[in-house]
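Asks: Read off the chains here:
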Amino acid sequence: MLSNETSVALVKGNKSYGQITGELLATVEGKTPLWWFAGMTIGTILLAIGAWAVYMSLAEGLGTWGLTNSVAWGWDIINFVWWIGIGHAGTAFTIFFLVFRQKWAGSINRAAEAMTVFAVVCAAMFPLLHMGRPWLAFYILPYPNTRLLWLNFNSPLFWDVLAITTYLITSIMLWYLGMVPDLATIRQRTKNKVGRFLYGMFSLGWDGSLYTYNRYETLMKLLGGLAAPLVISVHTIVALDFAVSVLPGWHATILPPYFFVGAIFSGFAMVLTLMILFRKAFNLYDYVTEKHLDNIAHVLKYGSLVIGLAYVTELFIAWYSGVEYELHTFFHARASGTFSTAFWIMFAFNAIIPQLFWFRKARQNLVVLFLVSVIINIGMWFERYIILISSLAQDFLPSSWTAYHPTMVDIGIYLGTFGLFTCGMLMFVRYIPIVAVNEVKPISRQGHANEKTTQDHER
Amino acid sequence: MEKKYWKSIEELGPGKPASLAPEEEPVSPVELLAGRSDKLSASRRDFLKWCGISFVSATVLSACENPVKKAIPYLNQPEELVPGMASWYASTFMLGNEYCPVLVRNRDGRPIKIEGNPLSSITGGGTSARVQASVLSLYDSGGRYREPLKKGAPVSWDEADRDIIQQLMGQDGSRRKVLLTPTLLSPSTRALINEAVDHIPGLEVVIWDPVSYAAIREAHRLDFGQAVIPSYRFGKASLVIGFSADFLGTWLSPIEFARDYATRRRPLEENAPMSRHIQFESRLSLTGANADERIPLKPSEEKQVLLALHDALARATGSPSSGSHTTALYDVDVLARDILEHHGNTLVVCGHDDTDMQGLVNAINHMAGSYGTTIDPGCTYHAGQSDEKAFEQLVEDMKQGQVAALLCYRSNPLYHYHDPEGFLEGLKQTALSVSFATTKDETALACDFVLPDHHYLEAWNDASFKTGSYSLAQPLIHPLFSTRSFQDGLLQWLGREEDFHGYIRTHWEEAIFPQQSTHLSFESFWVESLQSGIHENPATEGSPPAYNASALPAARERLADASLSDGLEYEVYAGISLGDGTDANNPWLQELPDPVSSVTWDNFAAVAPETAQELGLAEGDRLRINDKLSVPVLIQPGQAAGCLSIALGYGRTHAGKSADNRGGNAFLLYRPNGNGRLRNGSISQWVRTGSGHAFARTQTHFSMEGRAIVRESTLDKYREDPAAGNELRAYHLKHMNTLYPEVPHEGHHWALMVDLNACTGCSACVIACQSENNIPVIGQDQVRRRRIMHWMRIDRYYTGDAANPGVVFQPLMCQHCDHAPCENVCPVAATTHSQEGINQITYNRCVGTKYCINNCPYKVRRFNWYEYATREKFNTHTTTELGRMVLNPDVTVRERGVVEKCSFCVQRIQEAKLRAKNEKRRLRDGEIRPACLQACPTGALVFGDLNDKDSRVSQLIRDPRNYHLLEELHTLPSVGYLTKIRNPKETNRT
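If you read the protein sequences in the order shown, they are chains A and B. Using my numbering, count along the first sequence one by one with no gaps and you end on 459. Using my numbering, count along the second sequence one by one with no gaps and you end on 990.
Since the hints were made in silico from the structure, they are not lab data. For every residue, glycine included, the Cβ atom is placed at its ideal position computed from N, Cα and C. Do not take every clue at face value.
To be verified - Simulated crosslink set (SDA-like; lysine to any residue; CA at most 25 Å straight-line): (1) B:734 / A:319; (2) B:734 / A:320; (3) B:873 / A:408; (4) B:657 / A:60; (5) A:361 / A:276; (6) A:31 / A:196; (7) A:280 / A:40; (8) B:873 / A:406; (9) A:280 / A:35; (10) B:873 / A:129; (11) B:734 / A:251; (12) B:873 / A:55.
Said to hold, decoys possible - Using C-beta positions, here's what the derived DEER-type ranges look like: (13) A:55 / B:428: 46 to 56 Å; (14) A:138 / B:802: 48 to 58 Å; (15) A:327 / B:802: 17 to 27 Å; (16) A:312 / B:802: 32 to 42 Å; (17) B:692 / A:327: 33 to 43 Å; (18) A:408 / B:660: 22 to 32 Å; (19) A:194 / B:49: 35 to 45 Å; (20) B:49 / A:18: 50 to 60 Å; (21) A:254 / B:739: 14 to 24 Å.
If we strip away everything but chain B, and leave its shape as in the complex, we get (with noise of 0.2 Å):
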């Protein structure tokens, strides 16, 4: 009891209680010091004590120091930049054949993501793995070239220029001057090297391309002397043959050929009719994957079999140029048939660049009357001009020392020349070398000089990748570094005083500005194209030229010889991720999974199962072939029995550090042939040296178990019962009972429809939603630990034998379950469903039991099981602050414990809402493109809301085709799949 203080005497009095004091008087701070503690609980000594508490804490806290971070303003904000919103720009991704117009999102000025640019006509919008990752490229802090440099040592600009034009202006005209550059696709840097031949004397030009083309043209110049690529038009082709060519990945143009391959892919459709499609090849590629029928067949009988097609063609039609060549490989006689049946709607391609070979497809085309229709020879591929033969003799002359000088753009020869040390040896007797790479190759390191040029993002550029096609590049950021264009330096050497920007616009005016007749004035046309990316001139459909079959008897003489092989074959092939191999230092494309093979971070020689019994292979083994590389050996089921196949594009040496020493080079067996390059060859020689070597693969099991995961059906059946295929949607819709209340959702009930007949399994929408979701690579051991984060994989199921298995691809991503087992395990209601039916993870919540992802049936969780983010030993890009820059500021980088999921890409479907709220309308069908749907060339997904009845995704909802993974699990997802139709020839007879 404290001591009660009274203040008259009246208040002590018994008779007035204490109470009759106000009891709201307010308490002055004064009194509260002086101890008036019969009001308060809080008493002088208290106050005294919470100051110092506070003064102490405070010192010591402070103490322990914060990183500072700076936020810096703009002095003068540019006018169209608003932060947090995104401004999109086009632009133009070249590399290789691969040709993609494209809008790059930038955010607070630097590019983050890539997108197809839906307003061209080749690619429709669509886009490819490597297109989705080379923004990570212009990040490579590791790979590129950050200054000039001379003999490995920083020059300036300036310095590098006198010594590089003394020299090159100063050398006696008896030694060459080469300036070697793969096929440009670049009509105003094609005029620019043109000027600079004119100008420097003795300069010439040497066109030569990692992977070549050259056959194609040859044999179109054999046959119609003109020597071209012609267009291939998957989309007006009802029947189409493949031999080799991964058309749907890598070959020549695989988005557009992806798109229109798709567009008849599709059932339902009436004007266009599903097409058959039917592979010949060494290798289960994706496109023959996707194929309704395929012949694993080694290169050398795929020669035996298109000779026996041509010639019982020849016979069908009474052609002269018919021989007697059969097989007992494949019935060439009813494929004969049918390609007449199909006459005018038949396509044949061939991916060999063996002018023998394409001469008799030629052929084939020629008689099954597809050239003006399938083929169209008037508007024609501008890639593909490498010429061999004049290489050979560069090369040649290099090793002669009759090379004064060689300028390598984007040219590495150390790595794509099959005979490198040939090739270091010339370039020790070259007196100049000069390279232009971008990021570290083994070319340039092996040059005097070092002039880096600009990402693409980084730099003005334009493109004509088909007739009356044109595109243009623009910069997107400040160059990160010291870096000058190609076409600036070439433009300075010439004393000229514009840049390349006003360059192109010059060549614009000049030589497109005049082929179209829309815009009046050169500057709307100019300031639109810009806009829009893109410029096509109408399409002018030139007659098929005329047929000369004097080349054919020869090229079939020597196919037949070279069909009698019967010794063990090899084959070298462009792969979906790195191509040629160009951007290896990318660990996006790295640690994107082959499609068929699930491996990542390496390259295999692929053996099918019979064959490694035959020789006694086990998968792991290392072997080397011919003596020229070592690579470990893949059993792969439907591989062509006698055949190895080996990615193109590994085995770097000095790429980076993504990039180095991963598995075995195989441009070295990539060897000249006339005027192509061989794909294949024998293999005179091959030892064990190893075994044991384990592949960092993403799915290990291949049967479906005899689960109804993947629905398929054929088209006649199809066309029977709709629901073919799918007959047990029927039955569980029929015995889906629940005791619990109908979840409601208002407003928006978002879903994904993925239709499984027109997705190829090209694996765009992977590296698109690695892209968006700031998902962490993380490196190739914690791959073979089975931890890929990707939040969307295409699972590739096996059907059938081994020999020759059907394939099947599923996109699986997180299916948004409105009874999502994982919600109600999680203690701590970290994952929970919002209103709009997604099932979103609350990162800041959860503390990792990872119950979610042992309850999720779709396994489609993952776990950041170490902190990916930022720690250099997984091989990521986010622990440099360049690497960074590519995050995209609308996703949370997650924390080491932290289960994360694709989330439907909410953060683009709160961008369309606010969108559409602030343009005070309702959101338009179609608006929302989350990332994966927004990367797929051929529209395999379909993303709406379920509530609007007449959206597209609830249209294809009630689709008898659709039905939904695991659904007698009662987990009602909101991902649809469609079943997949295929169209064979046996049940087409019936």
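Here chain A stands alone, though its shape is the one from the complex (with noise of 0.2 Å):
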């Protein structure tokens, strides 16, 4: 397994446990730094265009929007997939490594769940926005009323609504539970005293104790195991949306794990993104190591593969079916004709260009690395643009094709999530420490050493 051979090199250096701990809290004790106020005025920026993109859809109408009478899903249902995908890793990362007791990515969960929530907060806007009467989302709630209304339980929109919800609960729960016993530590040492009764407030009355510790790991691993489904279940429920519709193009049943496939590849990119962006500019070279980007980077590779695959197998299928309606989006609108030059960027950003991975030196070159986890995600976010427009606006009737053009109102949004996003994130590293020092610290030198101690004891 690889906790075996990686746990050597998780944390370098041999560092004490005092000394992992002033390291890690730095971020949030140390003076603000200068880019932080660069990127939150960025982040702001972007905020006040999608406040502005946002102010338009609601007061105007979505007629703002680029849609058309066939395309009535454009840039706001791309964007939501897009997001919810990379939404997925922190949830996935601790999961499976909490499921399946890899210890190695214990220093990357913490930003890879704030991602995570950020993430799903940006992709929680827009089926909220995308209604043409949002003051009336709450019809979508199943909630008694006088009026003998329900819902539409066979709709996945609301399955949508389920998935979403829960999956968004359940990842602040995982992110904001994990923080705790950090919390409780800047708690101890902050001077502030404002920050001391928010932190004091927020740990949750944390004693460090064996037992409360003993506590925290059965709740953690509960609340793991709880969440596991629902990383699977979130995408496959988003992927429902196209696979139950009659759509060539959509009616598919290899959408669900390839969409799942798809979330997970997307989300890691993303974390190799921010990883190395955070790595630098906090300085913690020995808490993300190589290793840690190799093994994404390994991650990245396969998912790549597997994206290929899926990619290939319904070109496949929509052969080998010989429905004319099937026949016509592959072959003719996706992989030739008017959408061609987007398919084609989505083949090669994220079947072709990953493969770079099977190269050691790629994995060990930053700006390699960098640059893929990057074209990843352009490459997703093409993909959903391809699966979303290339089926709407070429279906069943060619009367009803259409064209597809984003407004500024479109893009604005979608900077907006981005403003979101950015401060989101900002704001997290500033307040919170962004590794999960309690997490680190068993993986570190002294923390094995620790461990070992007590298997022998234990003899």
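Dock chain one against chain two, each of which comes alone in its own frame, and use the hints as you go.
Replies: Structural data, given as structure tokens:
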């Protein structure tokens, strides 16, 4: 297993617990760096653009978007699926490593989970905004009423509502509960009164006793076990939004696994992007090591293979089925024709370029790692674009085929979500330790020594 | 634990539990207020709290003002008016050459919907898009004149009358006083004008139409000695040959012709076998699109073919007028043989207003034995009495200052005349100019006086479109503005006491009542005519007049010369939606896609792909033609090479918000020529002035991509196998399996059948649907974004090569699938299936996820992207109080953010069901007539109950021609299509 071979190098240097705590809490306790303010400024500007775009959508109507009578979902749902995909990695990290006891990811968990929470919040905006009458969004909840109105449980959109809200709540719980011990540590160390009060409040009276730790570990495992199926369900259900329909290119049983793999793929790529940045910004070279990045690159490489397989399978099934609509969508709209540029960008960025990671040199080159991780997320955006637009713009009756062009409002909302994400992540790195101190300690050298001692004692 | 109070020592005692006290002991309000909290959960304190909250919230909430809407009841309720129930009145629509007896649906005192009058033998209840849309012009708040004007300033009627009469009577006799009118179909108005001519010294009448049919009259005068337009009977023709005559679209009497034509386009009819239709034309017209064989020719080439056809036919019949003209453009000898084969059943029509061409057509029809069979010279049209020469003379005299007074009734020469500057110059020299315009127009703006006329729905009138057929128009609403009918005005000027209503009565009593014998008293005749809207004398067959070929040789010579043009030519035509542009300020018509090009809100110069390549033109380039007008280029498959076709009716400058400055005014190219006006000419000069014009089109992909969307076959194949062209249907039926139980439909199961053979694509249904269902207009920009709201659309596909493609039309509305893909994806169950098989939307419940739109394979669902109904920026009529009067109170006006679509006119189904229930009877088959079906002139749509196995719709759904669109998806639509059967020549021979 990975843990055995990697355990040694997970935290570099022979650090004591105190040293680890000091180094990792420096992000919270130290002075706010200048680049943080710069980042916040950019984030706020993006947020303001997003606020304008959202205002336009709400005040004027969805007419401000580029949608047409045929393409009734556009950038809104593309971005929704894209963000949800990104929002996959954090919880996936925590859970799979919790469940499979893969400790190597301990130093990445926290950031990945924060990313998940903000990405899912960004994603959740879209289903709300894309409604014609968002002020009636509560109609979509199963609340008892005297008018005997009830929901349509056949609709994947309702499953979506359940899946996303459950996923968001669970992700927040995992993230928050995971940081409680660290919050307590900051509470102990902070000299600021307000900080002490706030960190004290959010650390839920953590006392650091073995008893507490024991309960905490159990809780986290339980939560992890509960959340594991959710990671799979959330993107599967997003995929069902498409698979349940009748449109060529949507109506396919391959979509749920394909979407799930795609989500893990894009999520890991985003984690890679962020970790490379954080590592540099906070000097975390000892905690997020080359080994971590190498492992993620391996995951991406395999993910890319599976994605490539899914693309080829889709094309094959379209050809093999002989259905004229499928043939048109896959071969005349996507692989060649109107959407071919986007299709081949998607194919190259997702299925071909990540294959670079077969080479050790590529995995060890930070620039390559960073570029490929960004390229994958661009590719994944194009994948959603291809799925959404090519199927809607050219479906059954050629009379209703239309072109689709996004408007400034469409683009504005997307930029706004970047603003939200950036600001959220920056707040996170400033006020919460990015690396889970309590999870890193056991995998440091001292931690191993302690564990060994305990095991020896038990023997 | 609350403190426990005790009343007696027993109650407190241990042996006597408190539960001994009766549980049901009533609590008085006093106890309640006194704080008897042992029985109640609410304390006095709670009570006071709730009182406080209620008072405060009542005060705060009442401060948010709700608009007060006043509904004022009748003081004396009219007897025939039941609130919520529609009443129907017969009236008559007349505009240019278009005529249609109509029934007007009145709700709560306002006309809201126009329907065809089924009693008319001319239209048979059919309508056209312009007829359907005319109700909106009534409520045109921006375009209508509201009061009389003198030099643009409001004036009282009395003052205006005094001034005008003074000037009119006082002028010296040396200068002309002219009343300019188009052809007036109203016999009473004509009689009244004649009286006025007699009484007002020096007054004369000049008749001048925007679109001229004078050449047909002139040719008949030369050839038969009678200046008439005879009746064309397409229903009797087994071979129809058209030369640029768009008789299914706008030519002469399109509703009548479409209806007659369709009777001969049904492959099953034994006693009326399917006709063959050959069309020679420059532009791809609606009529050409329906033809079995269509030959694109530029106008000069048409003349060549016409000459050659005449000569070939003359040779074949041994007629003395035979000549030696031939053509390489078409095999006229075969056609001549066909004409003889169909002797007496051939009909040749020509849309060119050219006396020579019409003379040749007369000769061909004469040789083909059409007179007396397919052409009835005994029954003539009263339309098209325009006198070009008199009008030219008038303009000349005006320029010379020879005209003292010009009264324009329904005439707008400043827009319709090819030389508006010249006319304006003349108008400035005219001492008195008066316009009787209803809506704003260019001429009225330049006139001294505007005496606004009523809209036709506000006025009395009568009409006689053809020999022996009369109809009445009656006011449906009190005049909305301070307007006066032209005829009432004339009567006042003549000092007559009676109004025009009385005048019509007298006229009918004197002129029309004696022609009939069924009614003994005039009163009963009048009442019946008014109720039914029409009166028709039995047809009398006239014997064909003697043919005189003396004018022919000269005509042939002139045509032979004219046919030698080899340069670039143009042709102007009246389009389906705007016609001559008189009602161009009607947003429904502006937004009606042209059935062939699917362009809205614009006109264009249609150019053949080949010609565009030759000239280096791209779609959207702006052309300035002959230094007259500037229009964008549209590359149109099927357009004749070397010819640009431009629609009339656009380029208005003073008609209102919807009409102004859209496209170019093609009337500038519509020049007089002898007795008629030439629709075509040569382009001496063109320049490209710009490029990149974006058309607002409702359809941009024109190929069916090899999919079996419109299924087509030929008559011969159909006779061998009625399922010809529909072989897929059997395959799909064989493979249709489902795991789900069949959905039972108790009571009714509504269905609609569309006969693709009868449908001509005229789009009357589209506007009827818009009018019935309060469908908003969205404006050019929104149409460009492909958001047109029409619930019903006419899809058009091309087949074959781009130079001369085959064209098919397919009306598409919600298919009301029994397994509707839209229904199972709506998360809030806002779109559901009714027990009667209707796919319905609950607007109140819709949150607008638009999933249903995506999942509809037919893409018939529409989304309210904006608050279309009330935002002025979308050019919609419902932004004003007045415009909202056209709304149908039976149909909800949809809010922003909800999805909408065809409901099968559920309000009409409901109305018919209630009526049947009240009358304690079963619904009759065909009793429910959705708006689209009602408007259709050809009977292409059939609606009914599938649970009734004998209903027409059930019979048609069992027809081997029936198929369902995309039936392989197993959506089980309730709309069926009958395959399109054509009757081309080649297969007929085999």
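Asks: Taking the beta carbons of residue 327 of chain A and residue 802 of chain B, is their distance inside 17 to 27 Å?
Replies: At roughly 24 Å between Cβ atoms, residue 802 of chain B and residue 327 of chain A fall inside 17 to 27 Å, so the hint holds.
Asks: Hinted pair, alpha-carbon criterion (25 Å max): residue 873 of chain B, residue 406 of chain A. Please report holds or violated.
Replies: holds, 21 Å
Asks: Take the C-alpha atoms of residue 657 of chain B and residue 60 of chain A, compute the straight-line distance between them, and say whether it is at most 25 Å.
Replies: The given pair, whose Cα atoms are some 23 Å apart, holds under the 25 Å limit.
Asks: Taking 25 Å as the top limit, are the C-alpha atoms of residue 31 of chain A and residue 196 of chain A close enough?
Replies: holds, 17 Å
Asks: With respect to the beta-carbon atoms only, verify the hint that residue 49 of chain B and residue 18 of chain A lie 50 to 60 Å apart.
Replies: holds, 58 Å
Asks: Taking 35 to 45 Å as the stated bounds, is the beta-carbon spacing between residue 194 of chain A and residue 49 of chain B within them?
Replies: Once the Cβ atoms are compared, 37 Å apart, the range 35 to 45 Å for residue 49 of chain B and residue 194 of chain A holds.
Asks: Please work out if residue 280 of chain A and residue 35 of chain A have their alpha carbons no farther apart than 25 Å.
Replies: holds, 12 Å
Asks: Would the hint linking residue 361 of chain A and residue 276 of chain A be met if the CA-CA limit is 25 Å?
Replies: Judged against 25 Å, a Cα distance of about 17 Å means the pair holds.
Asks: Using the C-beta atoms of residue 408 of chain A and residue 660 of chain B, is the stated range 22 to 32 Å upheld?
Replies: At roughly 29 Å between Cβ atoms, residue 660 of chain B and residue 408 of chain A fall inside 22 to 32 Å, so the hint holds.
Asks: Are residue 254 of chain A and residue 739 of chain B spaced within 14 to 24 Å by their CB atoms?
Replies: Taking Cβ atoms as reference, residue 254 of chain A and residue 739 of chain B lie about 21 Å apart, which means the hint holds.
Asks: For residue 138 of chain A and residue 802 of chain B, compare the CB-CB distance with the range 48 to 58 Å and indicate the outcome.
Replies: Since residue 138 of chain A and residue 802 of chain B have Cβ atoms about 53 Å apart, the given range 48 to 58 Å holds.
Asks: Run the distance test for residue 734 of chain B versus residue 320 of chain A: straight-line Cα separation, threshold 25 Å.
Replies: holds, 22 Å
Every hint, counting from the list given before, is met by this structure.
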